[in-house]
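Novice: Sequence:
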Amino acid sequence: MNEKEYLDSLEKKYSRTPPQKIKSGQQTVSNITAHLVSERLQEIEKNTRESDEKIKREYLYAATGEGPTPEEIELAEDPEEVVTPKIKKAHSRLLETISIVVSALVVIAVIFTFIFRPVGVSGHSMEDTLHDGDWLVVQTVYNNPSYGDIVVVVKPNEFNEPIIKRVIAVGGQKVDIDFNQGYVFVDDQALNEVYAKTMTTEHVSDEMEFPLYVPYGCVFVMGDNRNNSTDSRSKIIGFVEEEYILGKAIFRIFPAGSPSIYDYTE
1 MNEKEYLDSL
11 EKKYSRTPPQ
21 KIKSGQQTVS
31 NITAHLVSER
41 LQEIEKNTRE
51 SDEKIKREYL
61 YAATGEGPTP
71 EEIELAEDPE
81 EVVTPKIKKA
91 HSRLLETISI
101 VVSALVVIAV
111 IFTFIFRPVG
121 VSGHSMEDTL
131 HDGDWLVVQT
141 VYNNPSYGDI
151 VVVVKPNEFN
161 EPIIKRVIAV
171 GGQKVDIDFN
181 QGYVFVDDQA
191 LNEVYAKTMT
201 TEHVSDEMEF
211 PLYVPYGCVF
221 VMGDNRNNST
231 DSRSKIIGFV
241 EEEYILGKAI
251 FRIFPAGSPS
261 IYDYTE
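Here the sequence shown stands for residues 1 to 266, where the numbers follow the working numbering.
Misleading hints may appear alongside valid ones.
Taking lysine-lysine and the DSS-like style, the derived pairs with C-alpha atoms no more than 25 Å apart in a straight line are [claimed, not checked]:
1) 197 / 235
2) 248 / 235
3) 174 / 155
4) 155 / 89
5) 197 / 174
6) 248 / 197
7) 174 / 89
8) 46 / 155
9) 248 / 174
Calculated directly from the structure, the hints in this document are not laboratory data.
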């Protein structure tokens with residue numbers, strides 16, 4: 001059979017096929033094609049999800065060391081039995097760590113808000129114990145001030161800023177100063193002021209007359225650099241009511257390695 005005869009036979013064959021049958025066959029082919037495409041898309045989606053999960057597990061193991069190793073997953077009959085418990089354990093540890101860190105930050109915030117506070121030193125009135133630019137930790141929960149305490153005072157004055165001084169006497173005590181010899185007396189006893197940079201030879205202000213008695217509920221304060229300090233010798237500061245004491249300096253945090261601020265009085 002030559003080519004022409006073969007084509008003629010095909011034409012006769014399909015010319016006898018009903019149109020409905022041809023249409024039905026076309027529909028069947030379309031359905032099969034759509035089904036195959038759908039299955040292929042589902043397979044691609046499944047492979048993508050598995051690939052994403054594998055990447056997540058490998059990242060978790062690399063980042064924390066808590067997830068299953070790739071080898072454990074490959075050898076397991078059911079990878080979920082290996083993956084799920086270890087991932088849950090890793091998540092639990094991560095949440096526990098976050099909880100600890102948050103709790104620690106809250107505790108630190110509370111401590112430095114209500115118990116301790118950093119305060120900077122400004123000026124030279126407390127030399128040589130403290131220097132301009134030093135930073136101190138101040139205990140704000142503070143009662144019963146006593147001789148030698150270094151305190152931060154927030155009493156309103158013309159400087160309009162906190163001042164740092166040393167407590168010399170408390171309520172009910174007698175204070176006298178021999179400005180000729182430079183000695184300070186509390187209850188008629190001369191103080192051994194090894195912390196003072198200079199002797200107390202400056203009266204500062206004629207408005208304060210000595211001897212004097214410190215009112216109860218107040219303190220008498222002076223700077224260690226006696227001839228360069230505005231303190232209770234002056235009406236500008238005068239007696240300091242205890243309610244105006246922000247707190248007691250505990251230690252110096254800057255500069256690092258500096259000596260204790262109470263080396264001279266302890």
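Novice: Has the given pair, residue 248 with residue 174, been kept, meaning a C-alpha gap of at most 25 Å?
Specialist: holds (23 Å)
Novice: Check whether the Cα positions of residue 174 and residue 155 lie no farther apart than 25 Å.
Specialist: Measuring from Cα to Cα gives roughly 22 Å; hence the hint holds.
Novice: Hinted pair, alpha-carbon criterion (25 Å max): residue 46, residue 155. Please report holds or violated.
Specialist: Not satisfied, since the Cα-Cα distance of roughly 73 Å exceeds 25 Å.
Novice: Are residue 174 and residue 89 close enough, with their CA atoms no more than 25 Å apart?
Specialist: violated (69 Å)
Novice: Given the hinted pair residue 248 and residue 197, is their Cα-Cα distance within 25 Å?
Specialist: holds (21 Å)
Novice: Given the hinted pair residue 248 and residue 235, is their Cα-Cα distance within 25 Å?
Specialist: At roughly 23 Å apart (the allowed maximum being 25 Å), residue 235 and residue 248 satisfy the hint.
Novice: Between residue 197 and residue 235, does the CA-CA distance stay at or below 25 Å?
Specialist: Status holds; Cα separation ~23 Å.
Novice: Regarding the pair residue 155 and residue 89, is the alpha-carbon distance no greater than 25 Å?
Specialist: Violated, because 56 Å separates the two Cα atoms, which is more than 25 Å.
Novice: For the pair supplied as a hint, residue 197 and residue 174, confirm whether the alpha-carbon distance does not exceed 25 Å.
Specialist: holds (23 Å)
Checked against the numbered hints above, the structure violates hints 4, 7, 8; every other hint is satisfied.
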